[in-house]
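Sequences and hints are given; from them, build the entire structure.
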Amino acid sequence: MATAQLNPAPSGAAPVRAAQSGAVPVAVALVHTWYLTGRKLHALVRQPWVLAFSVVQPVIWLFLFGQLFRRVIDIPGFAFHGTYLDYLVPGLIAMNAMSNNMWAGMTMIEEIERGTLNRFLASPASRIGIMNATVAEQAVSTTVQSLIIVGLGLAGGARYHGGVGGVAVMVAASILVGVVFGALSNATGMMLRSREAIIGVYTFFMLPLMFLSSAFIQTQLMPGWMQAIASRNPLNWVVQIGRSAVSATPDWSAIGVRCGGLLVLAVACVAVSVVTFRSYQKNV
Amino acid sequence: MSSIDCAIEARQLVKTYAVRGNKRGIRALDGLDISVPRGMIYGLLGPNGAGKSTAVKVLTSLARPDSGTARVQGIDVLARPGRVRQVIGVVAQRSGADPTATGRENLMLQGRLYGLRGGAVRARADQLLGHFGLTEAAGRLVKTYSGGMQRRLDVALGLMHRPAVLFLDEPTTGLDPESRAAMWQEIGRLADNEGLTVLLTTHYLEEADRLASRLAIVDRGRVVTSGTPDELKGELHGDVVQVALPAGADSSLVRSVLAGLPEVREVVIAGRDVSARSDDGAAAVPVVLAQLQRAGINAASVAVARPSLDDVYLRHTGRRYSEAQAPEFGTPDGPSDETARDMVEASK
Numbered sequence: 001m002a003t004a005q006l007n008p009a010p011s012g013a014a015p016v017r018a019a020q021s022g023a024v025p026v027a028v029a030l031v032h033t034w035y036l037t038g039r040k041l042h043a044l045v046r047q048p049w050v051l052a053f054s055v056v057q058p059v060i061w062l063f064l065f066g067q068l069f070r071r072v073i074d075i076p077g078f079a080f081h082g083t084y085l086d087y088l089v090p091g092l093i094a095m096n097a098m099s100n101n102m103w104a105g106m107t108m109i110e111e112i113e114r115g116t117l118n119r120f121l122a123s124p125a126s127r128i129g130i131m132n133a134t135v136a137e138q139a140v141s142t143t144v145q146s147l148i149i150v151g152l153g154l155a156g157g158a159r160y161h162g163g164v165g166g167v168a169v170m171v172a173a174s175i176l177v178g179v180v181f182g183a184l185s186n187a188t189g190m191m192l193r194s195r196e197a198i199i200g201v202y203t204f205f206m207l208p209l210m211f212l213s214s215a216f217i218q219t220q221l222m223p224g225w226m227q228a229i230a231s232r233n234p235l236n237w238v239v240q241i242g243r244s245a246v247s248a249t250p251d252w253s254a255i256g257v258r259c260g261g262l263l264v265l266a267v268a269c270v271a272v273s274v275v276t277f278r279s280y281q282k283n284v
Numbered sequence: 001m002s003s004i005d006c007a008i009e010a011r012q013l014v015k016t017y018a019v020r021g022n023k024r025g026i027r028a029l030d031g032l033d034i035s036v037p038r039g040m041i042y043g044l045l046g047p048n049g050a051g052k053s054t055a056v057k058v059l060t061s062l063a064r065p066d067s068g069t070a071r072v073q074g075i076d077v078l079a080r081p082g083r084v085r086q087v088i089g090v091v092a093q094r095s096g097a098d099p100t101a102t103g104r105e106n107l108m109l110q111g112r113l114y115g116l117r118g119g120a121v122r123a124r125a126d127q128l129l130g131h132f133g134l135t136e137a138a139g140r141l142v143k144t145y146s147g148g149m150q151r152r153l154d155v156a157l158g159l160m161h162r163p164a165v166l167f168l169d170e171p172t173t174g175l176d177p178e179s180r181a182a183m184w185q186e187i188g189r190l191a192d193n194e195g196l197t198v199l200l201t202t203h204y205l206e207e208a209d210r211l212a213s214r215l216a217i218v219d220r221g222r223v224v225t226s227g228t229p230d231e232l233k234g235e236l237h238g239d240v241v242q243v244a245l246p247a248g249a250d251s252s253l254v255r256s257v258l259a260g261l262p263e264v265r266e267v268v269i270a271g272r273d274v275s276a277r278s279d280d281g282a283a284a285v286p287v288v289l290a291q292l293q294r295a296g297i298n299a300a301s302v303a304v305a306r307p308s309l310d311d312v313y314l315r316h317t318g319r320r321y322s323e324a325q326a327p328e329f330g331t332p333d334g335p336s337d338e339t340a341r342d343m344v345e346a347s348k
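Chains A and B supply the protein sequences, listed in that same order. My numbering numbers the first residue of the first sequence as 1 and each following residue consecutively. My numbering numbers the first residue of the second sequence as 1 and each following residue consecutively.
Do not rely on the hints blindly, as some may be mistaken.
Said to hold, decoys possible - Partial selection, computed: residues in chain A whose CB lies under 8 Å from chain B:
| # | residue |
| --- | --- |
| 1 | R114 |
| 2 | G115 |
| 3 | L121 |
| 4 | A122 |
| 5 | S123 |
| 6 | P124 |
| 7 | Y280 |
| 8 | K282 |
For the record, the hints were derived by calculation from the structure and aren't laboratory data. The model shown is predicted, which means the values in this text are computed figures rather than measured ones. Every residue, glycine too, gets a C-beta built ideally from N, C-alpha and C.
Right under this line is the structure:
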């Protein structure tokens, strides 16, 4: 071990400060977003099986439900051109995006307990960068998972008439809904700092929102009250965006409106998590 | 000491945490004052829950105090937290290293967040890895590190950007004796770094005695006394005669019979432990025992000791250090929150 001067600390001007003092805050935020996202993606790449395992559930549903409800399509009034598998894929992509991002708060709690978040907060790390990194990581993992489901659906016989563009729009919508629920989960984690709370939120929202959407069955076959809820259910918007985008005749104006709605919601939810983040900082 | 010479200066810090079931909340800091001169290891000694971690959180810009002022390197922590973060290094009670990254990756990210770029980051990381004996483990994931290795990496993380002030919050809690001794050596070496100021919090008397050039004893959110370890012990003139009383002994009777003795200067009774101060401990022992026996009290044991920081603590707080020490809430790395621990303890 070296015994040389470890810290020739200049009492006044640290060399570090010179490097950052002239930097624009926005540029610092971007640079820090880059490095902090890199940290998260590195961890993701090291454990690719975590991503793969997380799609096991939707994949089982894909083939189980795809087979079980194969004939549902024949119900009068179902009004869908294609196989039930074609119908199911956009629903499961939306479900997967919501379900996996709802666990984001767990990572947040882990980082709080481990002291990692406090380490960043006591450093000049950009606060926006810290939040951005979380959102960026969620976007990347949601994209990978959605593409896995798209691929497996294709292998199972599903067809996407909307082509690559349609699939891209479907995946983009899944990212948006992932950001919505990821941000809410992070806010829950930071505010309550309890894993039970996150599990509670998950069980409370996951199945109801899924079955109050057109993921498995057309909304026009639902009772009136369920239809009313479904039309306001953001998860349903994602399903509808995806289904329309990959169909032979996408309704681009409806897709645009729903994407806009999701975007507004995503921004609002990220704002909520930023506010919670601020209150966390005050109550460390 | 003028504030210009101070690396850290806190005045009248008050911090209250809101808690359910307690309307007034819990006061973790209750008018804490400290002045830390530049270029030394300064100890903040106190039992769990005394407010040490809260003090560190306020001084490192993590928590906002309800009132009071704090300056680090002359910079106002409340007004310019961003500037303060540039000049401090923080090694919190909980390791903050990312277990899913390697030691080197952790260090490089830390350096980049402080604005180090290019070859300088790698060079600095390698230097620290070498210094802390982690070169061989540099490419391994941190979750495979032993507790001692993780703690050394934590200190390296705190030093990555060559801070002027380093905060070490309970650096050896949870370490086995061997790793603790190694960590003490590392911390001792930090003192050789010209200009580096270290604020070390600890609840180990021995650690404070051994490492700190000066220290402040913190109890219930305020500093009860401060000085060099020798000064503090020197205030307690002479030796201490420690007598353990039998069960059921009447402490007021003990006090009254011992107070009259010319050999004994000061008597403190905490539970069944009696500490009597004397210029000549060896000569006082037979007198004290005889006096107690005359009053019908047979001492269970007796010892003569040089004053320790434990005695200093007792003198200023009226409690033995071991009694004030909170029970551990979980393991140091576990889910327990040091703030929660501060709070629970303060509420007692």
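Status of the hints after comparison with the structure:
1. R114: 6 Å, holds
2. G115: Hint holds; G115 (chain A) Cβ to chain B Cβ min 3 Å, cut 8 Å.
3. L121: Status holds, d = 6 Å.
4. A122: Since the shortest Cβ distance to chain B is 4 Å, the answer is holds.
5. S123: 5 Å, holds
6. P124: 5 Å, holds
7. Y280: Since chain B brings no Cβ nearer than about 10 Å to Y280 (chain A), farther than 8 Å, the hint is violated.
8. K282: 6 Å, holds
Violated hints amount to a single one, hint 7; each of the other numbered hints is respected by the structure.
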